[in-house]
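K.L.:
Going by the UniProt record's numbering, the residue at position 435 of the first sequence is 435; the numbering climbs one at a time, nothing skipped.
Hints may be right or wrong, so weigh each one.
Stated by the list, open to error - Here are the simulated lysine-lysine pairs, BS3-like style, with alpha carbons at most 25 Å apart: (1) Lys103 to Lys133; (2) Lys138 to Lys388; (3) Lys138 to Lys104; (4) Lys478 to Lys518; (5) Lys278 to Lys86; (6) Lys138 to Lys103.
To be verified - Here are the in silico distance ranges between beta carbons for each label pair: (7) Asp50 to Arg84: 53 to 61 Å; (8) Gln152 to Ser280: 32 to 40 Å; (9) Asp386 to Ala85: 47 to 55 Å; (10) Thr96 to Asp50: 50 to 58 Å.
Since the hints were made in silico from the structure, they are not lab data.
Each residue gets a CB set at the ideal place from its N, CA and C atoms; glycine is no exception.
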Amino acid sequence: MARPNEEVEALLQEYADLIAITGGDAFKVRAYEKAARAIGGHPADVSRLDADGLRDIPNVGRSIAEKVMEYLRTGTVTAVEERRAKIPAGVRELITIPTLGPKKAMRLYQDLHISSVSELAAAIEADALHDLKGFGEKTQENLLHGIDLMQQAGGRIPLHLALDTAEEIVSELSGVSGCRRCTHAGSLRRMKETIGDIDVLVAAQRSAPFMDALAALPSAAEVIAHGTKKTSIRTTKGVQVDLRVLPPESWGAGLQYFTGSKAHNIRTRTMAVRQGLKLSEYGLFDVDSGESVASRSEEEVYARLGLPWIPPTLREDRGEIEAALRGELPDLVTERNIRGDLHTHTDLTDGLAPLEEMVAAAAERGYAYYAITDHAPRLYMQRMTDEKALAQRERIRALDGTRHGMRLLHGTELNIGPEGDVDWPEEFLAGFDICVASLHSHFDLGRKEMTARLVRACENPHVNVLGHPTTRLIGKRKGVDADWDEVFAVCARTGTALEINAQPDRLDLCDEDILRAKEHGAKFAVNTDAHSVLHLAQLRYGIGTAQRGWLTPDDVINTWPLRSLRRFLRKGASA
DNA sequence: GCCGTTTTCGGCCCGACTGTTTTCAGTCG
Numbered sequence: 001m002a003r004p005n006e007e008v009e010a011l012l013q014e015y016a017d018l019i020a021i022t023g024g025d026a027f028k029v030r031a032y033e034k035a036a037r038a039i040g041g042h043p044a045d046v047s048r049l050d051a052d053g054l055r056d057i058p059n060v061g062r063s064i065a066e067k068v069m070e071y072l073r074t075g076t077v078t079a080v081e082e083r084r085a086k087i088p089a090g091v092r093e094l095i096t097i098p099t100l101g102p103k104k105a106m107r108l109y110q111d112l113h114i115s116s117v118s119e120l121a122a123a124i125e126a127d128a129l130h131d132l133k134g135f136g137e138k139t140q141e142n143l144l145h146g147i148d149l150m151q152q153a154g155g156r157i158p159l160h161l162a163l164d165t166a167e168e169i170v171s172e173l174s175g176v177s178g179c180r181r182c183t184h185a186g187s188l189r190r191m192k193e194t195i196g197d198i199d200v201l202v203a204a205q206r207s208a209p210f211m212d213a214l215a216a217l218p219s220a221a222e223v224i225a226h227g228t229k230k231t232s233i234r235t236t237k238g239v240q241v242d243l244r245v246l247p248p249e250s251w252g253a254g255l256q257y258f259t260g261s262k263a264h265n266i267r268t269r270t271m272a273v274r275q276g277l278k279l280s281e282y283g284l285f286d287v288d289s290g291e292s293v294a295s296r297s298e299e300e301v302y303a304r305l306g307l308p309w310i311p312p313t314l315r316e317d318r319g320e321i322e323a324a325l326r327g328e329l330p331d332l333v334t335e336r337n338i339r340g341d342l343h344t345h346t347d348l349t350d351g352l353a354p355l356e357e358m359v360a361a362a363a364e365r366g367y368a369y370y371a372i373t374d375h376a377p378r379l380y381m382q383r384m385t386d387e388k389a390l391a392q393r394e395r396i397r398a399l400d401g402t403r404h405g406m407r408l409l410h411g412t413e414l415n416i417g418p419e420g421d422v423d424w425p426e427e428f429l430a431g432f433d434i435c436v437a438s439l440h441s442h443f444d445l446g447r448k449e450m451t452a453r454l455v456r457a458c459e460n461p462h463v464n465v466l467g468h469p470t471t472r473l474i475g476k477r478k479g480v481d482a483d484w485d486e487v488f489a490v491c492a493r494t495g496t497a498l499e500i501n502a503q504p505d506r507l508d509l510c511d512e513d514i515l516r517a518k519e520h521g522a523k524f525a526v527n528t529d530a531h532s533v534l535h536l537a538q539l540r541y542g543i544g545t546a547q548r549g550w551l552t553p554d555d556v557i558n559t560w561p562l563r564s565l566r567r568f569l570r571k572g573a574s575a
């Protein structure tokens, strides 16, 4: 699908990084970064475009189009190879550390020959940066903290990359002759925000063809194990994939067993034992007779244990067994329940696509309504003005209802200042249909100040949604420190929805915060924060997270009919 | 390197914050 675009995006971004590290023209760096982003977010497959088609993509000119053509033709780009030869790959890895940019990375390499994250950590521990200009005590502390954050993510890969890889492999194996069933399991099926390794299951009489097919995949860089029951590979992207082939009659038990989590499985196995049964990946067996009593489907296995089928996203032993026994499993929100996206951007600020394209793509998804929420003036780099916002509103009103009857809401993403104040005066805010408010600066306030700041934002009668509330970036930045119980309670009281931002590196709020917020009676909005047409499809990650937080359609304002949504957006005002 | 034009070259998202700088470079959003 969009895979070639992503490859080209990564390549151009790498080239930009390499130019930046080796001290090239900063504007050239920006040019490559912009082109990378434009290609990554471009809806059409770049491998099917000719030079003219490539140059029609914004920010792609003659030089970059040529490099892309060269890459698509030969698999490499001479200019990139030449830059790669100048510095070890590890130097580029250094700039993935928060607070460490290209200039400092180059200094570390040139002066101390440091060319990997681990070498840097060791050098700091050994106090080797002592005399290096620009690396004082505080800087070293920040670097260690950054490295620590990265290592906490420790080898785990983000949900969306895992899902892409898994779907590709499942599609491949499903085509192998004899395949009765094939799907992914494990933490990926539970939609955890990061994944250790990918579990793929196949139901078939004979396992060998599938084991061979997996090992023979072009994306298999290394075969770790190759047997009759299990084969493991490591992909070129460094992801471990474990394949299990089960007899078709064991499919349900196998799926249940390999979906986990460990805690959930311990609970189900314990329940089995208490009933004189034994649960394994091959089935549910009567201990005395050794007879299989259930194994074909998950429903059958759960039913024999006295439980309804439990959705995978709930299987964490966070009360789902008890709820199931009481017959009180939540009716989880699904992607089909979502009637509209309430946080999206256009090229008026930092989005890639024009308003009309975003609206058309949203209508294609079958939405009943759709909000455009470009950035507000205080995010200076976006250069928003009153005039631009009002002109956009005119265009939105003209487009409203013209695409499959989809209704358009004109909104904005406000910036929450250090004191909890937001962009624009009250009377101007009143002109918007919806306001998302987010933190984009001052992440380091103390808990008390941060709490007061967020509370004040929620108490603003025009703020409807708290955007990416904690502002964490998975594996890169911790969320801000606040008394979240207080914030959630205020959200519930004021009618401010908490966003579940579906961007895969955010997933903010996270599942555990959602559970807490729901306890307080807060409402939620599952939004993509889309900056391109392609991002609209990232909704699925937000939905997975919402499900992990036990949310039902009632909890999520953008599953509601427009009339109910509009009532919520008035925040209790009668008008 | 891209773009838009003034069709040939100058401007390119701008400002804040941090740490270490002795007057500002580097990083970030």
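K.L.:
Taking the numbered hints from earlier one at a time, note which ones the structure violates and give those numbers from smallest to largest.
P.N.:
The structure conflicts with hints 2, 5, 7, 10, although it agrees with all the remaining ones.
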